[in-house]
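Participant: So the sequences go chain by chain: A and B.
For the first sequence, position 4 matches number 5 in my numbering, and the numbering has no gaps at all.
For the second sequence, position 246 matches number 247 in my numbering, and the numbering has no gaps at all.
It should be emphasised that the hints constitute simulated quantities derived from the structure, not laboratory data.
Keep in mind that the hints are not guaranteed to be accurate.
Same chains, same label: a pair holds when it works inside one copy or across any pair of copies.
Said to hold, decoys possible - No more than 16 Å apart at the CA atoms, straight line, and that leaves these computed lysine to aspartate or glutamate pairs for EDC-like:
{"no.": "1", "residue 1": "Lys256", "residue 2": "Asp199"}
{"no.": "2", "residue 1": "Lys104", "residue 2": "Glu182"}
{"no.": "3", "residue 1": "Lys68", "residue 2": "Glu223"}
{"no.": "4", "residue 1": "Lys116", "residue 2": "Asp222"}
{"no.": "5", "residue 1": "Lys23", "residue 2": "Glu44"}
{"no.": "6", "residue 1": "Lys18", "residue 2": "Glu119"}
{"no.": "7", "residue 1": "Lys116", "residue 2": "Glu43"}
{"no.": "8", "residue 1": "Lys22", "residue 2": "Glu248"}
{"no.": "9", "residue 1": "Lys116", "residue 2": "Asp207"}
{"no.": "10", "residue 1": "Lys244", "residue 2": "Asp149"}
{"no.": "11", "residue 1": "Lys195", "residue 2": "Asp121"}
{"no.": "12", "residue 1": "Lys228", "residue 2": "Glu157"}
Spelled out from the first residue to the last, the chains are:
Number of protein chains: 2
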Amino acid sequence: MDIVLIGAGNVATQLAKTFQKKNISIRQIYSRTLENAQKLAEEVNSSFTNNLAEIDRQADVYFYAVKDIVLEEIIRKINIREGLHIHTAGSIPISVFDGFAEKYGVFYPLQTFSKTREIDFTHIPIFIEGNSLVSEQQIFQLAHLLCDKIFIASSEQRQLIHLSAVFACNFSNHMFNIANEIVAQAGFSFEILKPLIDETVQKLNDMTPFEAQTGPAVRNDENVIQKHLSLLANRPELANIYKIISEHISKTYSKQ
Amino acid sequence: MDIVLIGAGNVATQLAKTFQKKNISIRQIYSRTLENAQKLAEEVNSSFTNNLAEIDRQADVYFYAVKDIVLEEIIRKINIREGLHIHTAGSIPISVFDGFAEKYGVFYPLQTFSKTREIDFTHIPIFIEGNSLVSEQQIFQLAHLLCDKIFIASSEQRQLIHLSAVFACNFSNHMFNIANEIVAQAGFSFEILKPLIDETVQKLNDMTPFEAQTGPAVRNDENVIQKHLSLLANRPELANIYKIISEHISKTYSKQ
Numbered sequence: 002m003d004i005v006l007i008g009a010g011n012v013a014t015q016l017a018k019t020f021q022k023k024n025i026s027i028r029q030i031y032s033r034t035l036e037n038a039q040k041l042a043e044e045v046n047s048s049f050t051n052n053l054a055e056i057d058r059q060a061d062v063y064f065y066a067v068k069d070i071v072l073e074e075i076i077r078k079i080n081i082r083e084g085l086h087i088h089t090a091g092s093i094p095i096s097v098f099d100g101f102a103e104k105y106g107v108f109y110p111l112q113t114f115s116k117t118r119e120i121d122f123t124h125i126p127i128f129i130e131g132n133s134l135v136s137e138q139q140i141f142q143l144a145h146l147l148c149d150k151i152f153i154a155s156s157e158q159r160q161l162i163h164l165s166a167v168f169a170c171n172f173s174n175h176m177f178n179i180a181n182e183i184v185a186q187a188g189f190s191f192e193i194l195k196p197l198i199d200e201t202v203q204k205l206n207d208m209t210p211f212e213a214q215t216g217p218a219v220r221n222d223e224n225v226i227q228k229h230l231s232l233l234a235n236r237p238e239l240a241n242i243y244k245i246i247s248e249h250i251s252k253t254y255s256k257q
Numbered sequence: 002m003d004i005v006l007i008g009a010g011n012v013a014t015q016l017a018k019t020f021q022k023k024n025i026s027i028r029q030i031y032s033r034t035l036e037n038a039q040k041l042a043e044e045v046n047s048s049f050t051n052n053l054a055e056i057d058r059q060a061d062v063y064f065y066a067v068k069d070i071v072l073e074e075i076i077r078k079i080n081i082r083e084g085l086h087i088h089t090a091g092s093i094p095i096s097v098f099d100g101f102a103e104k105y106g107v108f109y110p111l112q113t114f115s116k117t118r119e120i121d122f123t124h125i126p127i128f129i130e131g132n133s134l135v136s137e138q139q140i141f142q143l144a145h146l147l148c149d150k151i152f153i154a155s156s157e158q159r160q161l162i163h164l165s166a167v168f169a170c171n172f173s174n175h176m177f178n179i180a181n182e183i184v185a186q187a188g189f190s191f192e193i194l195k196p197l198i199d200e201t202v203q204k205l206n207d208m209t210p211f212e213a214q215t216g217p218a219v220r221n222d223e224n225v226i227q228k229h230l231s232l233l234a235n236r237p238e239l240a241n242i243y244k245i246i247s248e249h250i251s252k253t254y255s256k257q
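This is chain A alone, in the form it adopts within the complex (with noise of 0.2 Å):
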């Protein structure tokens, strides 16, 4: 099986190098950016191009990992009818290749990459969808090679995936990065807040989300938010963020 792997963003290197390591091989690796492209094929031992026009047009699979602003443009620039052709967007439906290809479809992988952290796709689910059975059995097959949790999920099913996603790990994210900023006002670390941050997600194992909520806005303990919002006088942006999620939580559990 010959893949050309368009991107070399976190996706595309993480996806280079679990190919590689499950002995596929990978022909092609295209950037915009020529030193991106090279750099990742010189990882995998594959050749690279920053020229659309220099795609190999005789490869069995096409696997897009680029940013979502650019993948229609370079979907219809590639204009390559045969192989199959995945995207790898949560939130890009399976119809932008319509009329570019014969054989294609999408592998979301619901996991947040980074160039320097090394991923293991085994345990990652990944939701596929193709334009026909013989699409979606393909990729089913290229999946399995990867991971062993694959689930079909419709585009609109996947948007929907994708914007949880978004706020289990970006935004979840972004909440870490205010608390280390108002430790570091207090001189401390973050490292204090590890254990506090590791507890909240291993809870997770025991009960719901919704079962696992605690603090002052779940618990209407209107003094607490009070203080809080003073602390955050002077910055009302991260006062008008505290106050909206607290108000949410408590409008989440006074319906029951």
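Could you slot chain B onto chain A? The hints should help.
Facilitator: The following block gives chain B in isolation, referenced to the frame of chain A:
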């Protein structure tokens, strides 16, 4: 050393069990609700009462683990000047004891407590404060029986630490709860989000939360943000939370 424990909630329960494990006997447990006092007392072989007038006046240490809102009133009503008086509240200053005792202070464990999950205090950061060097040393010695990460923190520092914990734990957990609602809407279980949440936290061993940020807001991907907001059109409060946190992420990184 004779300890009276005032409270039978989440923190009091975990404290009582930890004292017992360390062979420190609890003489008496008070709770407003007799059943709660009795239940915890039976677990740790202590006497119990729901009557503040019956609280043992000969104890060495009085540990207050009650809701912030009732702490001041309980201190006033107990009115025992002897012994070492210690509260466990993040946001209540040490001065709450002024005029009610000679030796007093604070023992604030930075953790999220539930009655059902046993907490190992050993590596939990504890923030202590005493009204005198003698009080502080006694609180330190007591804390040292339970754990190995003890920090001296003023009431002002402790308030900020508590505020940061609300972001790090309470608000991140609420993000997990919202994510759970949204994956359910897509027809999937919370289980699919766990590898993502685990990795979100694991990353913090390698990088700061500032460096770990991913997602549409940090890369200013307006397309995805608008799609997500339209998915939340029938949930205006969630759309508002999404918008405000995304704007704050975007602003945090545009300062760079």
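Participant: Now tell me, hint by hint, if it's right for this structure.
Facilitator: Against the structure, the hints come out as follows:
1. For a Cα distance limit of 16 Å, the shortest separation of Lys256 from Asp199 qualifies neither inside one copy, at 29 Å, nor across copies, at 29 Å.
2. For the homomeric pair Lys104 and Glu182, neither the shortest alpha-carbon distance inside one copy (49 Å) nor that between copies (34 Å) is at most 16 Å.
3. For a Cα distance limit of 16 Å, the shortest separation of Lys68 from Glu223 across copies, 12 Å, qualifies, whereas the shortest one inside one copy, 43 Å, does not.
4. When the C-alpha separation of Lys116 and Asp222 is checked against a cutoff of 16 Å, the pair qualifies neither within a copy, at 42 Å, nor between copies, at 19 Å.
5. Taking the shortest Cα distances, Lys23 and Glu44 sit within 16 Å of each other inside one copy (14 Å), while across copies they are farther apart (53 Å).
6. Taking CA atoms no more than 16 Å apart as the test, Lys18 paired with Glu119 passes inside one copy only; the shortest distance there is 8 Å, against 40 Å between copies.
7. Taking the shortest alpha-carbon separations for Lys116 and Glu43, only the intra-copy value of 15 Å comes in at or below 16 Å, while the best inter-copy value is 53 Å.
8. Proximity of Lys22 to Glu248 under the C-alpha cut-off of 16 Å is found in neither arrangement, the shortest distances being 48 Å within a copy and 39 Å between copies.
9. In this homomeric assembly, Lys116 and Asp207 come within 16 Å of each other (Cα to Cα) only across copies, at 12 Å, whereas the closest approach inside a single copy is 32 Å.
10. For the homomeric pair Lys244 and Asp149, neither the shortest alpha-carbon distance inside one copy (41 Å) nor that between copies (35 Å) is at most 16 Å.
11. Taking CA atoms no more than 16 Å apart as the test, Lys195 paired with Asp121 passes between copies only; the shortest distance there is 14 Å, against 23 Å inside one copy.
12. With identical chains, the CA atoms of Lys228 and Glu157 are at most 16 Å apart between copies only, with a shortest distance of 11 Å across copies and 42 Å within one.
Going through the hint list in order, the structure does not satisfy hints 1, 2, 4, 8, 10.
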